[in-house]
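Peer 1: Sequence:
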Amino acid sequence: MSVQNNRDDKDRADEPVTSSAGIDAKDVAILNLLEADGRATLSQLAKATGLSVSAAQSRVQKLEKRGIIRGYAAVIDYERSGLPISAFVSVTPLDYTRESEIPNKLHDIDGIISCYSVAGAPSFVLLVRVASPSKLEELLNLIHRTVPVSTESTVILKTYF
240 MSVQNNRDDK DRADEPVTSS AGIDAKDVAI LNLLEADGRA TLSQLAKATG LSVSAAQSRV
300 QKLEKRGIIR GYAAVIDYER SGLPISAFVS VTPLDYTRES EIPNKLHDID GIISCYSVAG
360 APSFVLLVRV ASPSKLEELL NLIHRTVPVS TESTVILKTY F
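In the numbering used here, the protein residues as written are 240 to 400.
If you are wondering where the hints come from, they were derived from the structure by calculation, not from laboratory data. One thing to keep in mind: the hints can contain errors.
[Claimed, not checked] Pairs of lysine to aspartate or glutamate, EDC-like flavour, derived with a Cα cap of 20 angstroms:
#1 Lys301 x Glu274
#2 Lys374 x Glu318
#3 Lys286 x Glu274
#4 Lys286 x Asp276
#5 Lys265 x Glu303
#6 Lys397 x Glu318
Since we're looking at a predicted model, the values are computed, not measured.
Assemble the whole structure, with the sequences as input and the hints as a guide.
Peer 2: Right under this line is the structure:
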């Protein structure tokens, strides 16, 4: 968006504000609503943003097509689903020449939910979910058999948000 220098703030206040990602305040509102409730209806999105239902639908479709909305998910109560133990597992390679292989080798192991590349002493942090402390120990042993790494685990006691 180009704004001429001789225009006053009143004129600019009426223009939509866009981010570097090319989304405006209404798109941000839609994203926030869908993040809070992935099952929000188009009618709810329209009402909350002041758009028509068709305009809200069009914006959602554009956000999906651009990959800003990558999908929709259910929020799971893991304790009730039989996986009450969640932990962060810091992973440090023993052989840094093979560091890039680690995420691919761990990708399909049951219990590993996600793998994050991080700055700092460990190269990766895994989010894991298991049924018991003994299952966590089994998972850690499997990680060690699969890739040459050292690990440090932090068990999650409670998630606030």
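Peer 1: When the hints from earlier in the document are held up against this structure, which numbers fail?
Peer 2: Those not satisfied: there are none.
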